[in-house]
Each structure stands twice: as structure tokens, then as C-alpha cells.
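**Student:** Chain by chain, the residues run as shown.
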Amino acid sequence: MAKKQISIWQEIVKGLWRENPVLATLLGLCPTLAVTNTAVNGLAMGLATSFVLLSSSLFISSLRNFIPHQVRIASYIVIIATFVTVADRFLAGFFPAISQSLGPYVPLIVVNCLILGRQEAFSSKNKISRSLLDGIGMGLGFSLVLIALGMVRELLGSGSIFGITLLGEWFEPWMVMILPPGAFLTLGFFIAIANWINDRRATA
Amino acid sequence: MSIPSPASSKGKSKLKEPENLLILASSPHLHTTTSTQSIMWQVVLALSPAATMAIYYFRWPAVVIILTSVIAAVLTEAVINRLKGETLTITDGSAVITGLLLALTLPPTFSIGGTILGAVVAIGIGKQLFGGLGYNIFNPALLGRAFLQASFPIGMTTWSTPATLAGSAVDGVSTATPLGLYKFEHALTGYADLFVGNVGGSLGETSALAILIGGLYLLIRRFADWRIPVSYLGGVVIIGGIFWAFAPNQFPDPVFHLLSGGLILGAFFMATDMVTSPITHLATWIYGIGMALILVIIRLFGGLPEGVMYSILLMNAVTPLLNRYTRPKIFGEVQS
Chain A
1 MAKKQISIWQ
11 EIVKGLWREN
21 PVLATLLGLC
31 PTLAVTNTAV
41 NGLAMGLATS
51 FVLLSSSLFI
61 SSLRNFIPHQ
71 VRIASYIVII
81 ATFVTVADRF
91 LAGFFPAISQ
101 SLGPYVPLIV
111 VNCLILGRQE
121 AFSSKNKISR
131 SLLDGIGMGL
141 GFSLVLIALG
151 MVRELLGSGS
161 IFGITLLGEW
171 FEPWMVMILP
181 PGAFLTLGFF
191 IAIANWINDR
201 RATA
Chain B
1 MSIPSPASSK
11 GKSKLKEPEN
21 LLILASSPHL
31 HTTTSTQSIM
41 WQVVLALSPA
51 ATMAIYYFRW
61 PAVVIILTSV
71 IAAVLTEAVI
81 NRLKGETLTI
91 TDGSAVITGL
101 LLALTLPPTF
111 SIGGTILGAV
121 VAIGIGKQLF
131 GGLGYNIFNP
141 ALLGRAFLQA
151 SFPIGMTTWS
161 TPATLAGSAV
171 DGVSTATPLG
181 LYKFEHALTG
191 YADLFVGNVG
201 GSLGETSALA
211 ILIGGLYLLI
221 RRFADWRIPV
231 SYLGGVVIIG
241 GIFWAFAPNQ
251 FPDPVFHLLS
261 GGLILGAFFM
271 ATDMVTSPIT
281 HLATWIYGIG
291 MALILVIIRL
301 FGGLPEGVMY
311 SILLMNAVTP
321 LLNRYTRPKI
331 FGEVQS
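Chains as they are written, first to last, in the numbering used here: chain A, 1 to 204; chain B, 1 to 336.
To be clear, the hints were calculated from the coordinates, so they are not data collected in a lab.
Check each hint, because a few of them may be wrong.
Unchecked claim - Which residues of chain A face chain B? A partial, calculated answer using Cβ under 10 Å:
| no. | residue |
| --- | --- |
| 1 | Gly157 |
| 2 | Ile161 |
| 3 | Gly168 |
| 4 | Phe171 |
| 5 | Glu172 |
| 6 | Pro173 |
| 7 | Trp174 |
| 8 | Met175 |
| 9 | Val176 |
| 10 | Leu179 |
| 11 | Gly182 |
| 12 | Leu185 |
| 13 | Phe190 |
| 14 | Ala192 |
Note that beta-carbon positions come from the ideal geometry of N, C-alpha and C, so glycine has one too.
With the sequences and hints as input, model every part of the structure.
**Tutor:** Written as C-alpha cells, this is what we have:
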């Protein structure tokens with residue numbers, strides 16, 4: 001959009017807040033809602049998605065002058081699917097427990113609109129170095145929100161964070177928080193808080 | 001709400017006003033003294049027989065749950081009012097009703113912490129998040145209960161016998177509700193016990209008689225649309241009756257449907273919530289029959305013994321749609 005190039009630092013930071021994939025552009029909500037019932041799952045999903053995003057950004061950006069415009073989406077999907085397969089097999093091989101609990105959501109990264117969206121909107125139009133920075137920022141922003149969501153839901157739904165029990169015997173876990181309604185409620189509150197902070201900044 | 005007359009508002013000015021002024025005002029010309037506040041407090045009054053019976057049957061635990069729920073609901077409302085920078089709306093009584101209704105849907109052995117959580121969710125998420133009284137889509141008390149049901153599935157289905165059955169024991173022996181007994185053991189409970197409420201169950205769902213007294217008061221004062229309980233209860237009798245007529249051994253009879261569970265409480269006090277029920281007459285009938293259909297399906301074929309809460313919440317969700325499709329023709333409307 002902006003003709004003038006923003007600074008390298010800004011390219012990374014924009015993914016953390018201003019263009020955060022979950023809080024601002026609401027992309028990739030399917031894994032965000034589905035697998036964040038524990039902090040570990042959120043972390044794993046965030047890292048897997050970041051890896052795929054970063055690798056495919058790098059690849060697609062370097063091939064941007066060779067991919068014919070008419071078949072670009074299909075080409076992106078093939079490249080993304082390749083890296084998803086790598087991530088999926090890696091998780092299954094080294095972290096079978098996490099791979100089990102993430103279930104079909106790792107293969108589903110292929111159709112994550114965050115990844116496809118960044119390729120279409122950014123990598124296919126920008127230099128490799130810029131795409132790399134964009135990928136880092138977006139992946140980091142996505143992972144941080146997923147970890148935060150997982151932490152809140154795990155704390156209220158099971159009384160622990162990263163599997164470490166924090167709330168004692170007196171605490172009766174709120175089962176709803178690790179069920180789908182809990183995901184929607186928590187994400188809703190996250191987005192509300194983000195909007196509230198933005199509003200306050202705008203008026204200040 | 002009286003029309004401020006020019007004479008009184010300008011009374012202090014030095015200009016002398018003639019006595020008989022012609023007052024011009026736009027419609028509506030008829031005003032009522034009924035306010036939201038007075039309606040809400042009368043609903044509280046109408047709920048008091050049910051609350052009294054709950055205390056009579058379940059003793060101290062009932063008192064504790066009712067007080068906790070009401071206080072938590074009112075405090076939540078006050079805190080959110082303060083955060084939003086609004087004037088306090090706790091005196092309009094709507095938070096008291098939500099707290100009271102929530103308490104009446106809880107089992108007598110439910111934990112205090114859980115009750116507080118339910119009241120906070122009911123007012124905070126169910127009502128204030130949508131913008132406060134008049135803007136909420138779902139009945140706040142039922143939303144709070146749905147949250148608790150999903151959060152504490154065991155605590156929300158552990159019932160105790162009324163103190164009247166268990167002698168003087170405060171901690172009643174755990175028991176099943178008549179609907180649970182029917183669903184899982186196929187045992188029927190006597191109509192007389194069901195009617196006066198001498199059975200296990202939530203605080204307010206036990207005594208049909210006490211709820212009917214309060215409910216009839218609401219209908220007579222026209223604070224609740226009579227079409228809603230009539231279509232809901234009538235629908236349950238007819239739809240439940242059809243199943244019973246075909247397989248009397250497999251399904252309970254319509255009278256059992258009517259008297260057991262939270263149906264009467266839901267039909268008179270929750271389905272009739274002015275904010276979340278439809279406006280037009282046709283929509284109101286569809287609303288009631290829709291609730292009846294969902295209720296009978298859940299009771300007869302669902303995994304849960306009771307379905308009043310979900311039937312009302314689901315029909316709350318389609319209420320805006322019903323209002324939209326049953327909008328009456330405006331008088332004198334010209335087709336464009």
C-alpha cells in the first residue's frame with residue numbers, strides 16, 4: 001500500500017500488534033480456537049505455523065518472478081503443503097504426544113488463511129529479506145497470542161500453566177474453558193482488550 | 001411521566017403566563033405510571049413464593065445460595081456500571097431478578113464459589129457485555145446457568161432430597177430428580193409430590209404450586225405475555241401427548257412432563273423475559289411451540305434428562321429473526 005518503505009524494525013514489529021494476525025486481522029482463527037486448550041498446544045501450534053510461514057515466505061518470495069499469475073494460488077499451496085508435511089512429520093517423530101493432541105490441525109495449516117494471506121499480500125510482491133522479516137513478525141505475533149490464549153484457558157480450565165499446577169485443591173476447574181465455548185469467550189475478551197487499548201491510544 | 005407544561009417550566013420568569021394555555025404535544029398521549037423499576041420489583045415479588053418454598057424444602061443451603069447469587073449479581077452490575085462510567089442501574093431490580101432466577105435453577109448442594117461465578121457470568125457476559133438491560137440476546141440467568149452446566153457438569157447434577165423428606169438432616173441424602181429417575185430408571189414420581197414440590201431438584205423447580213401463584217400474578221398484571229406460557233406448556237402437552245399416545249410404556253405422560261423439572265419456572269419467569277421474547281403475536285406463538293418441541297426432543301431423546309434451559313436459550317437466539325419475519329403490515333402502507 002504505502003509506497004515508502006517502512007523501516008526494517010517496523011517490518012517485524014507490525015506483526016506483533018498493529019497488524020497482529022489474530023487480534024487485528026483475525027486470520028487463522030481455526031487453529032487459534034481449536035488447539036489452545038493448553039499452553040503447550042498453543043506454543044506447538046504457534047511454532048509449527050511460524051516455521052511454515054517463514055519457509056514458504058522465503059520460497060515464494062524468491063520464486064515470485066517465475067510463478068505465472070494465473071496459477072499462483074495453486075503454486076503457493078503446493079509450496080506451503082511441502083513445508084506443512086515437514087512440520088507434521090517432525091512433530092510426529094520427535095514429539096508424538098503433542099502431535100497426537102494437535103490431531104488434524106497440523107495438516108490443516110495448509111489452508112491457514114494467515115499463511116496464504118501473507119504470501120498473496122506480501123511475499124509475492126516483496127524482496128526476500130523483507131518477506132523474511134514479515135514472516136518473523138507475523139509468526140511471532142501469532143505464536144504469542146496462541147500461547148497467551150492457551151495459558152488463560154489452561155489456568156482456568158485445568159488450574160495449571162504448561163502442565164504445572166498453580167491453583168491448589170480448592171480450585172474447581174471451569175471445564176467450559178477447555179471446551180470450544182471457552183475458546184470463543186477468551187478470544188473475544190482478548191480482541192476486546194486489544195481494541196480498548198487501541199481506542200485509548202487514539203484518544204490520548 | 002407527565003408532560004412538562006409550559007406554565008410550570010416558565011413559572012419563575014417574570015413574564016406573566018395566562019392560566020389556560022393550549023398544550024401541544026406529539027403522540028403518545030396516554031401515559032402510564034408503570035416504569036421498568038416497578039415491573040422489576042413486582043417480578044421479584046412474584047418470585048418470592050418459589051423462593052420461600054425453596055427455603056422451606058432445602059433450608060440453610062437454599063438461603064445461602066439465594067443470597068450469594070443475588071448479592072454477586074448486584075455487585076457485578078455495580079462494578080460494570082462504574083467501569084463503563086454509567087449511572088448505577090442496580091436499583092431497577094433487574095440484577096436482583098437475574099440473581100434470584102439463577103439461584104432457583106441451581107441444585108441445593110451447589111458450591112458458593114460456583115454460584116458467584118454463575119452470577120458474574122450472567123450479569124457480566126449475559127447482560128452487560130451486550131449493553132445492559134434491554135440489549136441482551138439471551139436470558140442472563142439461563143446463560144449463567146449454561147456456563148455453570150458446561151463448567152461443573154458433576155456439581156450441577158448432584159441433587160439432594162428436600163429436608164422434608166430426609167427428616168431434619170440439613171445435608172440431604174443425594175437423590176435423583178424425577179426426570180432423572182424417569183430417564184435412567186424409568187420410575188415415575190407421584191403427581192401430588194410433583195405439584196407441591198416434595199421431590200429432588202433445583203431450588204426453584206420443585207414446587208409447581210408456588211411458581212404458579214407467582215406466575216399467575218405476572219399474567220394478571222400483564223407483566224408477562226400469556227401467550228408464551230400457554231403456547232410453551234400447551235405445546236409440551238400436545239407434543240409430549242402425541243409420543244405418549246403412541247408408546248405409553250416408553251414415554252412419560254403429558255402431566256408428568258408439565259409438573260416435573262423446571263418447565264413451569266421456565267415457562268412463567270424465563271421464557272417471558274420482556275427483553276428476549278418476541279414482540280409480535282404470531283412470533284410469540286412460534287416461539288412457545290418451538291421451545292416445546294426442543295424441550296420434548298431433549299427430554300425424550302437427548303442425553304440430558306432436562307431441556308428447559310437449552311429450549312429457551314435456543315429460541316432466544318432466533319427471536320430477532322422471528323420478529324423480523326412476522327412484522328405486521330403498517331396501516332396505510334403502499335406497496336412500492
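**Student:** Taking the hints in turn, state whether each one holds.
**Tutor:** Evaluation of the provided hints:
1. Hint on Gly157 (chain A) holds. Least Cβ distance to chain B is approximately 9 Å, under the 10 Å limit.
2. Violation of the interface hint for Ile161 (chain A) is found here, the shortest Cβ-Cβ separation to chain B being roughly 19 Å, above the 10 Å cut-off.
3. For Gly168 (chain A), the shortest C-beta to C-beta distance to chain B is roughly 13 Å, which exceeds 10 Å, and the interface hint is violated.
4. Of the supplied interface hints, the one on Phe171 (chain A) holds, with its beta-carbon coming within about 9 Å of a beta-carbon of chain B, less than 10 Å.
5. Given hint, Glu172 (chain A) at the interface with chain B, holds; its Cβ is 6 Å from that chain's nearest Cβ, closer than 10 Å.
6. Checking Pro173 (chain A) against chain B: minimum C-beta separation of about 8 Å stays under 10 Å; hint holds.
7. Annotation: interface hint on Trp174 (chain A) holds; nearest CB of chain B at approximately 4 Å, less than 10 Å.
8. The criterion of a C-beta within 10 Å of any C-beta in chain B is met by Met175 (chain A), whose closest approach is roughly 5 Å, and the hint holds.
9. The beta carbon of Val176 (chain A) comes within 4 Å of a beta carbon in chain B, closer than 10 Å, and the hint placing it at the interface holds.
10. Hint status for Leu179 (chain A): holds, given a least beta-carbon distance of 6 Å to chain B, under 10 Å.
11. Against a cut-off of 10 Å between C-beta atoms, the interface hint on Gly182 (chain A) holds, since the closest Cβ of chain B lies about 8 Å away.
12. Hint on Leu185 (chain A) holds. Least Cβ distance to chain B is approximately 7 Å, under the 10 Å limit.
13. Interface hint at Phe190 (chain A): violated, since its Cβ lies 14 Å from the closest Cβ of chain B, which is beyond the 10 Å cut-off.
14. Because the beta carbon of Ala192 (chain A) sits about 9 Å from the nearest beta carbon in chain B, less than 10 Å, this interface hint is met.
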